[in-house]
Each structure stands twice: as C-alpha cells, then as structure tokens.
Amino acid sequence: MMNPLALLLTLSSILFTLGLFAVLTRRNAILILVGIELMLNSANINFIAFWRYGPVDVDATGPLFLLFSIAIAAAEAAVGLAIILMVFRHTRSTDLNKLDSLHG
Amino acid sequence: MIAILILAPLILLAALGAVWKARPVHAALLLALALALNAMLYLAMGADFIGLVQFMVYVGAVAVLIVFSLLITRPGDEKAELDRRPGSVVTGLACTLPLLVSLCFMISRLPEIGADAHPFSGFSIEELGLTLYSTHAPAVIAVGVMLTAVMIGAALFARDIGGKSKPPSE
Amino acid sequence: MLLEYLGASDWLISLAGMAVAASTVVGVFAGAFALLSLIERKTLARVQNRIGPNRAGWFGILQPVADGIKMLTKEDIVPAKAEKWLHLLAPILIVVPAILALGVIPYGREWIPVPLETGLLFFFSIGAMTELAIFMAGWASGSKFPMLGAMRAISQMVSYELPLMISALAVVMMTGSLSLPEIVNQQSGFHFGFIPSWNLFTPWGLMAGLLFYTCSIAEANRCPFDLPEGESEIVAGHMTEYSGFKYALFFMGEYLGLFAISGLGITLFLGGWQAPLPGLDIIPSWAWFFAKLAVVIFTYLWVRATFPRVRIDQLMRFAWLCMIPMALLTLPAAAIWHYAGRGMMGWLFTFPLLALPWIAMAVFYNRRFAPATRIYRFAE
Chain A
1 MMNPLALLLT LSSILFTLGL FAVLTRRNAI LILVGIELML NSANINFIAF WRYGPVDVDA
61 TGPLFLLFSI AIAAAEAAVG LAIILMVFRH TRSTDLNKLD SLHG
Chain B
1 MIAILILAPL ILLAALGAVW KARPVHAALL LALALALNAM LYLAMGADFI GLVQFMVYVG
61 AVAVLIVFSL LITRPGDEKA ELDRRPGSVV TGLACTLPLL VSLCFMISRL PEIGADAHPF
121 SGFSIEELGL TLYSTHAPAV IAVGVMLTAV MIGAALFARD IGGKSKPPSE
Chain C
1 MLLEYLGASD WLISLAGMAV AASTVVGVFA GAFALLSLIE RKTLARVQNR IGPNRAGWFG
61 ILQPVADGIK MLTKEDIVPA KAEKWLHLLA PILIVVPAIL ALGVIPYGRE WIPVPLETGL
121 LFFFSIGAMT ELAIFMAGWA SGSKFPMLGA MRAISQMVSY ELPLMISALA VVMMTGSLSL
181 PEIVNQQSGF HFGFIPSWNL FTPWGLMAGL LFYTCSIAEA NRCPFDLPEG ESEIVAGHMT
241 EYSGFKYALF FMGEYLGLFA ISGLGITLFL GGWQAPLPGL DIIPSWAWFF AKLAVVIFTY
301 LWVRATFPRV RIDQLMRFAW LCMIPMALLT LPAAAIWHYA GRGMMGWLFT FPLLALPWIA
361 MAVFYNRRFA PATRIYRFAE
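Chains as they are written, first to last, in the numbering used here: chain A, 1 to 104; chain B, 1 to 170; chain C, 1 to 380.
Certain hints may be false.
To be verified - Straight-line C-alpha distance at most 25 Å; calculated PhoX-like pairs for lysine-lysine:
1) 98/A / 21/B
2) 81/C / 144/C
3) 21/B / 144/C
4) 144/C / 84/C
5) 70/C / 84/C
6) 21/B / 74/C
7) 84/C / 74/C
8) 70/C / 42/C
9) 21/B / 81/C
10) 144/C / 74/C
What the hints assert, rightly or not - Label-pair ranges, simulated between beta-carbon atoms:
11) 130/B / 295/C: 31 to 41 Å
12) 153/B / 43/A: 22 to 32 Å
13) 59/C / 143/B: 54 to 64 Å
Unchecked claim - Sample of chain B residues facing chain C (criterion: CB under 8 Å; computed from the structure):
14) 123
15) 133
16) 158
Keep in mind that the hints were calculated from the coordinates and are not lab data. Just so you know, even glycine gets a beta-carbon here, dropped at the ideal spot from N, CA and C.
Work the whole structure out from these sequences, hints included.
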C-alpha cells in the first residue's frame with residue numbers, strides 16, 4: 001500500500017513529464033502553452049499534497065501558495081496567448097517551426 | 001485516499017490525451033478535462049476553496065482562452081497542424097524519460113510517512129482571508145499589480161494597431 | 001467539507017436526503033420551465049398585440065406538453081461533419097451546471113438543498129462550465145453558423161462575467177461570507193420600521209444590483225443581448241445543427257440558467273426569502289422567494305419584448321467601457337459605506353461617488369459614440 005503523499009507526488013511528476021513532452025514535441029504554439037499549463041498544474045498538486053499529507057502540520061500555507069500560483073498561471077496564459085495572437089497576426093501561422101526569419 | 005486512487009488515473013489519461021491528440025481543439029478540451037478532474041482531486045482532499053477556485057480559473061478562464069485563441073488562429077491548411085515530426089517524439093522521450101525515472105527514484109527514497117502523520121486540520125475561508133490580507137498583504141498587492149499590468153499588456157498586445165493586420169483569408 | 005457527506009457515518013440518510021432535495025429541485029424547476037415557456041409566449045403576445053398559443057387546452061395551458069411531445073418524437077439528426085461525441089456531450093454539459101447551480105440557492109428559511117460554506121464561489125465556478133459547453137456545441141456541429149454563434153457567445157459571456165462577479169463581490173465584502181444563507185440572514189430587519197434592509201436599498205447595492213441584472217441578461221443569452229442565437233443573423237447560433245431532444249435540452253439549460261441566476265440575484269440583493277414588510281412573516285418564506293422570482297422573471301420577459309437586439313461591437317464596448325468600470329467603482333463605494341457607519345453618512349459619501357461618474361460617463365459616451373442621425377433616404 002502506497003502512502004498518499006508518494007502517490008500524489010508520482011501523479012504530479014508524471015504530469016510534469018507529460019507537459020514537458022508536449023512542450024518539446026508540439027509545433028503549434030498554443031499547444032505548447034497547453035503543455036506549460038500541465039507543468040504548472042503538477043506543481044500545484046505538490047503544494048496541496050504536502051499541505052495535506054506532509055510531515056509537518058502547517059496551517060493553510062499550501063492553499064495560500066496555490067492561490068498565488070493560480071493567479072500567476074492565469075496571467076501567464078493571458079500574456080502568452082496575446083503574444084501568440086500578435087505573432088499570428090504578422091505571420092498568419094502559429095507553427096513555431098515556421099518562425100525562423102532570424103535564422104539567416 | 002480512494003478518491004485519489006480513482007481520480008489519479010483519470011487525470012493521467014486526460015493529460016495524456018491533451019499531450020498526444022493530434023487535433024488542437026481536442027487537446028485543449030482534454031486539458032480542460034484534466035484540470036477539472038484536478039479540481040475534483042482538491043475537493044476530495046478537503047481543500048474546497050482551492051478546488052472551486054481552480055475550477056473557475058482553469059476551466060472558466062484558461063481553457064476558454066486557449067480554445068478561443070485556437071479558433072482565432074486557425075491555419076488555412078489543417079493538415080500542417082496534424083502531424084508531429086517523427087524525430088521529435090524520440091527527442092522528447094529521450095529528454096523526458098530520464099527526468100521521470102529520476103523523479104520516481106527520488107519519490108521512492110521518500111522517508112516513510114504514515115497516511116496521517118499529523119492530525120489533519122482543515123481551514124475556514126475566513127482564516128484564509130485573514131492570513132492572506134495580514135501576513136501576506138504585500139504579496140497580494142504585488143499579485144494585484146501584476147495582474148493589472150498583465151491585463152493592460154495583453155490588451156495592448158492583442159489590439160489591432162491601426163488595422164494593419166492582413167485580412168483573415170487570402 | 002463537500003465530499004464528507006458521502007463518508008458520514010449515517011451516509012445512507014444523508015444520501016437519501018440529498019436524493020430527495022435533488023429530485024425536488026429538478027422536478028420543481030422542470031415544471032417551472034414548462035410553465036415559463038408558455039407564460040413567455042403569452043406575455044410576448046400580449047405586448048405585441050397578439051393572442052399567442054390558445055389551441056392546446058384552456059388558454060393554451062397544454063402547449064408545453066404538446067411542445068414536449070413534438071420535441072421528443074422528432075428525428076435526432078447528427079450532421080455528417082459533426083464530431084459525434086462532443087455533439088452529444090454539449091447539451092448535457094449545458095443542463096448539468098444549471099441544475100447544480102440551483103442546488104446551492106436558499107429557497108426558504110430551512111430550505112436549502114446543499115448548504116455550502118462556499119456557495120457563491122460554487123455557483124460561479126460551476127457556471128464557468130457553460131462557456132466550454134457552448135463552445136463544444138458550436139465546434140462539434142462542424143458548420144459555419146454554430147461556430148460564429150459559439151464565438152459570439154464565448155466573447156459575450158467572458159466579458160459579462162467580470163462585472164457580474166465584481167458586483168457580487170461587493171455583497172461578499174459587506175457580508176464577510178461566501179455562504180448564501182448567511183448573506184440572506186444579514187439582510188433581515190427593517191430601516192425606520194418599514195424599509196427592508198435589503199442590499200438593494202443601499203447606494204452600492206443599488207448600483208451593483210443594476211449591474212448584476214444587466215449582466216445576468218447577457219449571461220442568460222436573452223434579448224437584448226441574445227446575439228449568440230440572433231435568429232435574423234446566424235439562424236440559431238450554436239443550436240443550429242441540433243434537433244429533437246437535444247434542442248429541447250438547450251432550451252431547458254437556458255431557462256434553468258435563467259432561474260438560477262435570478263435566484264442568485266434575489267439572494268444577493270433582494271433579501272432572498274425575507275418578507276418585504278414587517279407583518280408579512282406569517283406567509284411561508286419559500287412563497288416570498290418564489291414570488292420574487294416570478295417578478296424578476298417577468299421583468300426579463302418585459303425587457304425582451306421592449307428592447308431591440310444590440311450589435312456585437314456595441315455589446316462589447318458596453319461591457320468593457322461601461323459595465324466593468326462601474327462595477328469596480330462599487331467596491332470602494334461599499335468600503336466607504338462600511339466605514340461611514342452604514343447609514344445616513346454612508347449615503348452622503350457614497351451616493352455622489354457612484355452617481356457623478358455615472359452621469360459623466362453617460363454624457364461622455366453619448367458625445368463619443370452616439371449614432372449619426374438616421375437619414376430616411378427611401379421612405380419619403
């Protein structure tokens with residue numbers, strides 16, 4: 001029987017790996033953002049896991065930290081998508097492999 | 001514990017779909033599903049407030065944003081979007097698998113903690129709010145300033161300056 | 001906690017209680033939905049000098065039944081280009097959050113299906129699911145008009161959700177609680193012995209209530225903000241490719257959402273189940289709630305019959321340049337109201353704070369965005 005902390009940490013590390021995989025393999029910029037969201041989210045799971053099942057009793061630090069983390073993740077998504085829209089407006093594409101005009 | 005055992009595989013499946021699905025909209029919807037299941041995981045672990053905030057922000061805002069920008073940036077040829085370079089999968093696996101293995105190794109070396117090492121004490125929302133606005137007030141203000149800056153910045157970025165952009169279909 | 005209900009020792013009892021509460025809510029509001037669909041047609045007919053449905057039964061009272069039978073027996077068409085699963089899932093995902101949202105509203109003194117500590121937050125986060133469901137409906141249909149309708153619906157709902165939440169936030173600031181029964185309890189009592197101390201009768205509450213009402217029209221996709229399904233422009237928006245029972249589900253979700261959001265508005269601003277005058281407590285509390293609900297719903301019908309549909313740019317400009325600044329203004333107004341003693345001094349300070357920007361905005365926007373005088377070139 002695994003303890004819940006180890007289970008949740010495994011879940012979050014697999015999620016992080018999946019997110020990283022998406023970032024490395026996807027070509028569409030928005031889908032790369034999807035991968036980044038997954039990675040951020042796996043960090044969030046860790047906050048809650050350590051708060052709930054961690055070795056020390058800490059009041060509500062996990063949820064507090066999570067609130068800030070969610071706010072920053074939302075901001076990151078908004079700015080990222082705005083930048084992608086800007087890029088799309090100039091190049092008519094969100095394929096990152098085609099954005100090579102500085103390649104020389 | 002049972003809830004975690006049920007939800008964890010579902011979250012993983014949804015996330016796997018979000019990573020692997022070829023069609024962008026499917027991937028985005030599966031991401032929304034994974035995040036919603038994640039919110040349910042928080043609810044099951046006793047963090048009601050956080051679970052609901054997670055649901056509201058991720059499903060209500062981030063997923064909708066992603067889906068909406070997918071619609072706006074639809075390329076002329078859907079085909080180009082569908083494929084993923086065969087080499088990239090190998091590269092991706094080569095980079096991520098060692099990471100996963102090392103993470104799992106570290107988790108396996110975790111000192112043994114019982115299912116309930118400490119008595120779980122929930123928190124009331126009032127407590128959370130009071131802590132947030134007394135001890136962490138500077139952080140709240142910083143996040144507020146950041147969000148305002150982000151809102152203005154995103155609006156400026158996304159604005160069509162002087163109508164210079166090309167028409168959508170050429 | 002939310003899921004501890006299931007783990008409770010007398011879990012069977014609580015489960016049975018929840019089942020009873022859930023089926024009551026679903027039953028009552030499904031009935032109300034049927035009734036409202038008739039009342040709406042009758043009211044619109046009355047406003048437009050028509051008779052309205054009068055064939056099925058006495059005064060058309062059986063019209064909802066006839067409609068229901070028609071809807072259920074129609075062929076269920078799924079377009080060839082549609083994404084089958086998403087096409088099926090979308091109408092379900094529209095109805096489910098509406099029903100869930102109805103579950104946290106206090107209908108009477110002891111009448112609340114699920115008394116959550118975070119009721120208000122639950123309402124909004126569940127409501128967030130609707131946008132994604134509408135997107136799924138529009139995208140999965142695989143044709144142009146649903147797609148356009150879904151894009152309109154998403155941009156409209158995202159824009160109007162902000163002032164909706166901020167105006168509810170003013171109430172949360174004053175109450176100090178996210179729990180809906182607590183919000184209703186705080187509105188008990190009367191000023192001067194006869195003015196109920198509802199949130200609507202404070203300067204910030206009046207402003208927030210008006211904003212909330214306007215936004216709730218937009219959130220419920222009703223006229224004059226029914227662009228997502230503007231019949232004369234894009235057929236039926238995201239519902240174009242649906243038929244039969246799925247189409248009926250969309251309608252049901254829309255009306256249940258209307259009930260939920262006006263119930264929330266009543267809870268936040270109109271004192272929930274509180275009686276409007278001191279002596280009227282003898283009438284049961286739930287009767288007051290449903291009386292208020294009927295009045296609020298009637299105003300929706302009235303607005304629908306009166307105002308023409310707005311244009312999409314007007315809609316977005318109204319949200320971002322008028323609704324959101326005014327909603328943000330209610331927060332400092334509520335704070336000043338609190339620190340000025342929640343009384344006459346509060347009125348003195350907060351009323352100008354809210355009224356002057358309102359007037360200034362009206363004057364400025366009228367100059368800036370007023371439509372040019374229309375020239376009737378061919379009518380003379």
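Exercise. Hint numbers the structure violates, sorted upward?
Worked result: 6, 14, 15, 16
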